[in-house]
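2 protein chains.
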Amino acid sequence: MVRSGRPARPTLESVAREAAVSRQTVSNVLNAPHLVSDETRRRVEAVIARTGYRPVKAGQTLRTGRSYLIAVGLQTPAEDRGEVEHGFLHALTERAQLRGFRTLVYTAGSDDAEISTYESLLGEYDLDGFVLTGTHTGDKRTAWLDDQNIPFVTFGRPWGSAARHSWVDVDGACGVHAASRHLIGRGYRRIAFLGWPEGSGVGDDRRSGWEAACREADLPTNGLTVRTDNTLAAGRSACAQLLESPSPPDAFVCVSDVIALGAWSLLTARGLAPGSSMAVIGFDDSAAAAAAGLSTVAQPLAEAASACLDCLRKLQDGPTADADAPDMVLLEPRLILRDSAGDASLTGAPLLLALPGLPR
Amino acid sequence: MVRSGRPARPTLESVAREAAVSRQTVSNVLNAPHLVSDETRRRVEAVIARTGYRPVKAGQTLRTGRSYLIAVGLQTPAEDRGEVEHGFLHALTERAQLRGFRTLVYTAGSDDAEISTYESLLGEYDLDGFVLTGTHTGDKRTAWLDDQNIPFVTFGRPWGSAARHSWVDVDGACGVHAASRHLIGRGYRRIAFLGWPEGSGVGDDRRSGWEAACREADLPTNGLTVRTDNTLAAGRSACAQLLESPSPPDAFVCVSDVIALGAWSLLTARGLAPGSSMAVIGFDDSAAAAAAGLSTVAQPLAEAASACLDCLRKLQDGPTADADAPDMVLLEPRLILRDSAGDASLTGAPLLLALPGLPR
DNA sequence: CTAGTTAGTTTGAACGTTCAATACAGCTTT
DNA sequence: AAAGCTGTATTGAACGTTCAAACTAACTAG
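Line by line, the protein sequences are chains A and P.
Per this note's numbering: the first sequence = residues 672 to 1031.
Per this note's numbering: the second sequence = residues 672 to 1031.
Heads up, a few of these hints could be off.
[Said to hold, decoys possible] Footprint (simulated), chain A over chain P, 3 or more residues, beta carbon under 8 Å:
#, segment
1, 728-738
2, 754-766
3, 769-777
4, 791-799
5, 919-926
6, 950-961
[What the hints assert, rightly or not] Coverage of chain A stretches by chain P, computed from C-beta distances (three or more under 8 Å per stretch; other residues unrestricted):
#, segment
7, 747-760
8, 795-807
9, 954-963
Simulated from the structure, these hints should not be mistaken for laboratory data.
Every residue gets a Cβ at the ideal spot worked out from N, C-alpha and C, and that includes glycine.
Can you build the whole structure from these sequences, using the hints too?
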């Protein structure tokens, strides 16, 4: 379909003919050069370069069962428009490309739908592995893949269950801990946490960073936290709820930028300019956070992507030891300070006044 | 690699044996059922269902030269974190899946790099087609693909050159026109346009919608427009520049949400609450716009994705007429009104005060 | 001088699919 | 009765690659 009316694409056979060697020798030049004499190798390489020969993946796949294809699922974009996911996907694709792998994407609504997608993909393509995002407690997908003995990594820890598989994750607790400590250092004493509903591993992990920081500084946590949905409106009302308590918080650390922006909007509405009397810090370094001048915690997506690929490679190259211990990689996020975090220099700056540009 | 220590996957051969027919008959049941008697067909279908047989793509591809794979390029995420691109990719993947196609993504920095990626991809996989985004004037990619006679669609018009290829785009002029008319209807009389630097097809197209709307309403445009980069900071200073003129604007229509938010931040800083004395409308329906309560123009990404797939299908199925006229699809965007657009009900509402939730 | 090793190369087969050609039975037409 | 359809089914070949085995020549060891 794709190559209509153009010179036939070169194959091993045609290259071999031109270089006056056999098919297999050409193949060896590419896959096992040490088996070929220098003299021959050079001759073959010249022909390859001249004709622009590239091995056809379909042939390789058919013979070897490897496709050099990894599959990544796309979550249904929510309130945050999939910004983190997109950054991760971009990084992953870029790095996979450098290692000779291509990235196949698929969508799936539920765990079950996703599993049946796996079955299709595995039946049809000989995928070299999967990269999953959005792991959650009771994740059926990882259990299934584990059972089928299929190479995969998750970007996100196996919340709840014991880790039978390799994973890469960002240390949310650490990030929130750093954010909380920053606020404490700025003099805030009643630091609240706006989190997600019970049962979210990610949310609970992030919350724990806040708890630890408060405990370490002998600050209260009681009555200073609310669990709420990941929407602006929910963030606003969670914030409002805490403000009505007898001794309200003076700073908010949030599980996400979306909720943080909700809180911030409420504070602004009440004239409590964030940055002076009140501080807010979010999580995920969304475009909206940058636009609003909201301090936040950024995930190291590029490193996460590389780490995922390392894990996959390990799974593919060395299934030697059957009970190989899975890799577990935890990366540190980075605190990005903008004018919402009590920086004196920017005190009282109105919302969205911050210059863009990320750090500092 | 993927199927270690599990029952051998079923093949045409094994299914044929079990159903007591030949390979080809099984193949026909799937690809040309009208050639098979009902009796036989049912028997074969039963075996297929029971064994979970799925044709292996590598075999099909090798034989037919079709891979059921379409390739999509990922742009390097910029200020906007690739939100529109991600929405489009998700929609495209979802719809491609329904039609039996999978989506392969790749990254590329420049036109030239992208072209050499095409060469790799085409050499290695038998791609069924490409979907390009981010078309621009003097796009080398489309010229190359056209020359090579490779099926592709662009999401974005072929700015500058005549359309030799099929494309799908969103009518930016129409969207900005609607935004401008809305403001005019609200009583604003000096409507400014903050656009991108010269040479951007997308930017100039959007600008033309503003010009037309102003002309139709006998409103001035002279001295009411600035060209600037797609950053918050640039948006702010562009806005500042216009405010300093002898007769400053009373509303801003912007080529992008990023610039609109920049403008808005400046207005807020000067106490010119958008929504009352001043209005601002952006473009792209980013998460930040939703968070800030910024009115904006949303692109119909799902329809765009479907349209792209329709074009590709046409290119693949019917290369009958050699000089087939390319498809050109222009979709209407949707104006999303929030409290930045002079709605009386929300007048004076501080920034970020808007409830989320999209339209209305 | 024979047997054994090594480096370099070739050959046949196989991966799973579909195309093209062929076979055969049961009809209809001449 | 021969010839020609039509509907159904099978067979051999081919797509481009790599694996496994075989081959050759040159050199080494006994």
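Practice prompt. Would you pick out the hints that fail for this structure and give their numbers low to high?
Written response: Of the numbered hints given earlier, the structure breaks just one, which is hint 5.
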